[in-house]
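*Asks:* Sequence:
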Amino acid sequence: MRLSLTRYLFLLNTVLLAAAVAVVGVLWFIHHQRVVQEDGAERAMTMAQSVAAMPAVQEGLAAEDPAEPLAPMAEAMREASDFEYIVVADDQGIRHSHPVESAIGEPTQTDPSPVLAGELWTGEERGPAGLTLRARAPVSGEDGEIIGYVSVGILTSDIDGVIAEALPVILGTLATALLLGGVGAYVISRRIRSRTHGLEPQEITELLDSREALLYAISEGVVAVDHAGRIVLANAAARELLGLGEADIGRRPEQTELPAEAHRLLAGAGPASDELIAVGDRVLVCSRRPVRLRDAEGGAVITLRDQTVLTQLTGELDGARTVTRGLRAQRHEFANRIHTVAGMLELGAVERAREYLNELSAATIRANAEVSERIGDVTLGALILAKSVQASEQGTSFEVSPMSQLGEVEGRLRDDLLLIVGNLMDNALEATGDGHWVELMVRRHGVIMQDAGDDDGGELIEVRVTDSGPGVAPEEIEQIFAAGYSTKGLPGSDRRGLGLALVRQACRRWGGAVEVETEERTVFTAHIPVVDEPGSARFGGSAGAEGSAAPEEVRR
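Each step along the sequence shown adds one to the number in UniProt numbering, with nothing skipped, and position 160 is 160.
Derived from the structure by calculation, the hints contain no laboratory data.
Backbone N, C-alpha and C define an ideal beta-carbon position, used for all residues, glycine too.
Cβ pair distances, simulated, as ranges: (1) PRO271 - GLY182: 42 to 50 Å; (2) PRO402 - VAL378: 15 to 23 Å; (3) HIS32 - ARG7: 31 to 39 Å; (4) GLY348 - MET403: 43 to 51 Å; (5) ALA247 - ILE204: 24 to 32 Å; (6) ALA62 - ASP160: 35 to 43 Å; (7) ALA18 - GLU240: 47 to 55 Å; (8) ALA260 - ALA228: 15 to 23 Å; (9) PRO271 - THR518: 29 to 37 Å.
I would like the entire structure built from these sequences, with the hints used as guidance.
*Replies:* Take a look at the structure:
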């Protein structure tokens with residue numbers, strides 16, 4: 001039969017308690033026995049020394065017949081005490097007093113030489129009365145010579161009786177301790193059962209294993225904080241998303257290297273739903289749910305989802321939609337132009353139709369050539385052309401700066417450059433409208449950094465988007481790059497407030513920075529160092545830095 005946890009703990013505690021009580025009882029009994037024996041020996045020795053010092057005893061031993069004065073005196077003292085016998089003997093070992101009259105005048109059965117040598121002696125010996133605890137003290141004459149000794153004895157059976165009288169007290173005390181200990185063991189076992197909700201160890205192990213498997217199997221990050229705000233649990237996904245280490249478990253959020261946005265979310269008091277925070281180069285969607293345990297504050301559980309990939313895919317989809325809208329607008333525009341040409345032909349104005357077509361072809365070639373000449377990257381050029389069509393649709397004048405100069409860009413740098421240009425353009429077009437203008441400059445050039453230790457520099461790509469919109473309020477400049485923050489205040493878009501946050505992350509990923517100036521016009525400027533891998537910039541900090549240093553000199 002398999003014992004439950006509570007029964008096992010109760011029996012274990014009871015057995016251990018019983019063993020401890022038994023050991024204490026044995027030690028207590030041995031100590032009590034020793035104390036009683038030492039007390040008996042001390043009383044016997046005190047009596048022997050007192051009798052030996054009596055002048056009457058000294059005079060009696062010097063008398064012609066010592067037994068006549070000594071026997072009645074010793075017997076009277078014995079009867080007045082609880083000693084078994086008081087014997088007075090001379091220096092030859094002849095008894096002159098004894099409870100048994102026939103033993104008077106007989107030599108003792110034990111060797112008296114130690115006491116006759118002047119020593120005090122105690123010990124157990126067997127005599128006519130049985131096994132006794134004896135004490136002997138020498139008797140000295142007037143000249144100081146030993147003329148005899150006094151022997152006082154107590155039956156060991158009497159001592160055992162005194163010891164036995166204490167057994168009920170000892171056993172009663174031990175039994176009470178055992179009973180109280182048993183009750184305590186029962187209370188503890190029930191308390192443990194209540195704390196474990198009636199679960200057995202195997203069930204607790206299975207529950208913990210299931211919890212670990214569940215937490216570490218889900219792709220979402222899960223972080224648990226206790227009522228004191230300490231991080232008590234973080235699954236593998238959460239540690240990867242937040243960059244938490246093993247040392248961060250048990251700390252408060254502000255004691256970690258997480259950004260302030262994450263501190264606010266983890267240490268918050270109320271619930272939160274689908275809040276956006278930026279951690280490193282990731283955009284996370286976070287929800288916070290407070291937990292109550294047995295009607296008390298129990299902390300909170302925070303779930304994290306990586307929105308970065310989804311946001312990038314959404315951005316690519318938005319770009320495709322922009323191209324589609326541009327193609328649709330061009331289709332209508334070309335349809336109108338074809339109708340115009342058809343009308344000219346119907347009217348017989350063939351030469352005028354030819355001139356009109358040549359003008360359209362030249363304008364189209366000129367516009368495309370302007371972009372392709374300044375922007376050598378085909379993908380980026382296509383994006384810029386699509387944005388120009390979008391600007392034309394909303395009545396905004398769009399121009400690529402004559403200072404723009406960029407060749408082919410490859411790999412991850414191209415992806416981030418598309419993200420930066422696309423989001424800065426979207427931001428500018430949203431801030432402007434009919435009658436406003438937007439200018440884009442994309443340029444790759446060499447720089448010497450202010451914090452460089454020598455003349456060695458590098459190359460960076462500068463993206464500058466200028467618009468004539470209403471600008472950014474000074475109090476919002478520090479907030480517009482935060483994930484989820486938007487100056488539009490328009491609902492209905494999951495990406496609202498992510499564009500500039502993604503731009504800042506992309507710049508930081510390469511060791512660069514993005515900044516905004518707003519006076520008569522709004523200027524967003526992004527610097528992206530040209531390096532082989534993200535985070536390997538030789539100047540301007542790392543991907544995690546707040547920003548790169550400003551270029552001191554541009555090599556044109």
